[in-house]
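Protein chains: 2
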Amino acid sequence: MNHAFVAGTATTAFGRHPDKTLIDLAVEAGEMAISDSGLERSEIDAVYFGNFLGRGIDGQGVIASVVARRLGLGNVATTNVEGACGSAGIALRHGVLSVAAGAATAALCIGAEHMTRPGTEAITKLLTEAGEMSTDGAAGLTFPGFFGLVANAHAARYGSRREHLAAVIMQNRASAITNPNAMFREAVSADQIASGKLIADPLRLLDCSPISDGAAAAVVTDLAHTTGSRDGAVRVLACEQTSGPVGIRHMETLTSFPATVAAAQRAYKSASVGPRDVDVVELHDCFSITEVVNVGDLGFFPHGEAHLAIAEGLTTSSGPGVVVNPSGGLLGRGHPVGATGLAQVHEVVAQLRGTAANQVPGARVGMAHNLGGAGATATVTILGAA
Amino acid sequence: MNHAFVAGTATTAFGRHPDKTLIDLAVEAGEMAISDSGLERSEIDAVYFGNFLGRGIDGQGVIASVVARRLGLGNVATTNVEGACGSAGIALRHGVLSVAAGAATAALCIGAEHMTRPGTEAITKLLTEAGEMSTDGAAGLTFPGFFGLVANAHAARYGSRREHLAAVIMQNRASAITNPNAMFREAVSADQIASGKLIADPLRLLDCSPISDGAAAAVVTDLAHTTGSRDGAVRVLACEQTSGPVGIRHMETLTSFPATVAAAQRAYKSASVGPRDVDVVELHDCFSITEVVNVGDLGFFPHGEAHLAIAEGLTTSSGPGVVVNPSGGLLGRGHPVGATGLAQVHEVVAQLRGTAANQVPGARVGMAHNLGGAGATATVTILGAA
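Going down the list, the protein sequences come from chains Y and L.
Quick note, in this note's numbering, the first sequence goes up one by one and the last residue is 449.
Quick note, in this note's numbering, the second sequence goes up one by one and the last residue is 449.
Honestly, the hints are just simulated from the structure, not real lab data.
Hints may be right or wrong, so weigh each one.
Since the list gives no way to pick one copy over another, a pair counts as held whenever it fits inside one copy or between any two copies.
Stated by the list, open to error - Below are the DMTMM-like pairs computed for lysine to aspartate or glutamate, each with C-alpha atoms no more than 25 angstroms apart in a straight line:
#1 Lys332 to Asp108
#2 Lys332 to Glu106
#3 Lys332 to Asp285
#4 Lys332 to Asp342
#5 Lys83 to Asp121
#6 Lys188 to Asp121
Just so it is clear, the structure is predicted and the values come from calculations on it, not from any experiment.
In isolation and in its complexed conformation, chain Y is listed as follows (with noise of 0.2 angstroms):
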């Protein structure tokens, strides 16, 4: 088995990209990631998609084949992955998995969504597909809605407020600012956070991640193809994939997703490290509370205490512990779904490089976590300084 390296990462802008396609967004990235990592055009060998949106959308399938037609890759081998909001994360997963079995020299994986045209009721509409459709969706449960009835369980089982949401939000958004490619980059106060229209009791519209247009890649490779990379390879020490529940009625919780604390469980093993060795985590805040959720159960804080730790600081770059989505986070950077979970992957990348905007001083160990829907799929992925 080889061991998989990330040779070189991209972003696309995230935010409204009304002329440009999506394909257009997924050839953007996979270029930049290209050029990144040094390597020659004709050493890719296989290209994985990650998309939740577009079929539903633009009703293009095999956009992988016609990503790679544009990128001039030849006959490399071409899969579409979807795993909802968690699909970038499954493509990446596909390429190191591709690297270690020898199928592949190096593989591009690109996520991408657009998802600003249809306007927010039809893509409201259309998130709900993440969900188990014939039961919560065709009970009218919204995606806000459903992280609204997670807010609230969390909210009587551990006593967590708006003061904490506020205090997720407030720090996303302020990290965002360093982050050229983020949709938003202006700090938001706890007034605007209060006053803000009311989605999904408690959430407020800046408790949701946007509705945004972008695309992310990664080039994974073995290491003997590590040599050109622009500032340095990463060695993936972990990529582990979960799934769970998809519909409220299989749910045991709603204030932990089984499928993160598998994936992390499984992660930590692989890479032998623990949460107090991860130095930077990017993980998946599609709303403030789940990253309260997040950082229960990927082990930085137990439950019950995660929200008291995010409120005092705890998990920002002047903490002692874990930094948190020094990115800004999906609600700072932007939520291009089906591309999540690649730039989260480009943001840990940089950081173990040393050359992120809001660089965590020494950070050797790097952790990159994407939830799919209600938790039905979740990839976690651990990366270390080469």
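Dock chain L against the given chain Y, drawing on the hints supplied.
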């Protein structure tokens, strides 16, 4: 790197299933494949789900997670893969890669499609998503339309005629009579073929594979976990995946699919066999002309001779060479598009176990060839009797 084996396979009946959903069919095939493999449910640690049209018809995302939950598989890694009509071949390949990389002990690969509900016009439109939507789709080119062009190009270049295409249809329909899961189990005459409704010149109704419902599955594992396999495990000698042009404007020829040629070349090399070593092949006869092209692309007969060889009976079980589509192929078995690649594997495994309904005597090496779109993706899998 672990060597991969197919320990169990299954297929539902192909045809019309008005009382079942896509998920019902997938679960049914998955249950049967696990049972056939002799593995415990707890030994399955990855699920690959191949499907093309489900998002457009039912809108359910993360289906692999829904199916895994229904099968009681716990927090296994679940991945939805899409490569148009080649989706199931891609699902199989990723089961093989997972086992080869040591990431899975046993992978359940499922392909499924439920196509009969929306009606022919709606399905024909959804199927155009396998072509380049921005050009061919926008111009109104349907898939029968594309393969009509292929048939005309082949006739102009190699002189193939109605009687050659009719031979493909009559042979595959005759083979399907013995297949208990086939959609069509009646022979057809040259007169019936010639008097069929014109679909896309020169293709008539019986030149086209039918709109079908169905699912197929396979369990891929390592040697150590094959001991309970009901009729014996089969060795994966090669499992290669490629891509090719999606839109007509990028195709250098209409009488060959570069993705098939490349996948076959790599598979022969990887398995250390040649076309003459293959006893039986299930290949992607989505239209009668496609079988002719594939027989050439896979190297069984030179292009220009394939249609003559088929018409002479050289690819039937009474012929001296490779036996093509003993299951009835897509024309006879039916073509629930996302299921086809694994239905092919089910037949090839039965042939190598010596348990096929239409058994090729002494078959030792078998091939499955699954094509996506107009050659946008291809997989070629070579299996060997253990």
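Taking the hints in turn, this is what the structure says about them:
With identical chains, the CA atoms of Lys332 and Asp108 are at most 25 angstroms apart between copies only, with a shortest distance of 17 angstroms across copies and 30 angstroms within one. Taking identical chains as interchangeable, the C-alpha atoms of Lys332 and Glu106 lie at most 25 angstroms apart only when they sit on different chains, with a minimum of 19 angstroms there against 32 angstroms within one chain. Both within a single protomer and between protomers do Lys332 and Asp285 lie at most 25 angstroms apart by alpha-carbon distance, with minima of 22 angstroms and 22 angstroms respectively. Taking the shortest alpha-carbon separations for Lys332 and Asp342, only the intra-copy value of 17 angstroms comes in at or below 25 angstroms, while the best inter-copy value is 45 angstroms.
Taking the closest pair of Cα atoms, Lys83 and Asp121 come within 25 angstroms of each other only inside a single copy of the chain (13 angstroms); across copies the shortest separation is 28 angstroms, beyond that limit. Taking identical chains as interchangeable, the C-alpha atoms of Lys188 and Asp121 lie at most 25 angstroms apart whether they share a chain (15 angstroms) or sit on different chains (13 angstroms).
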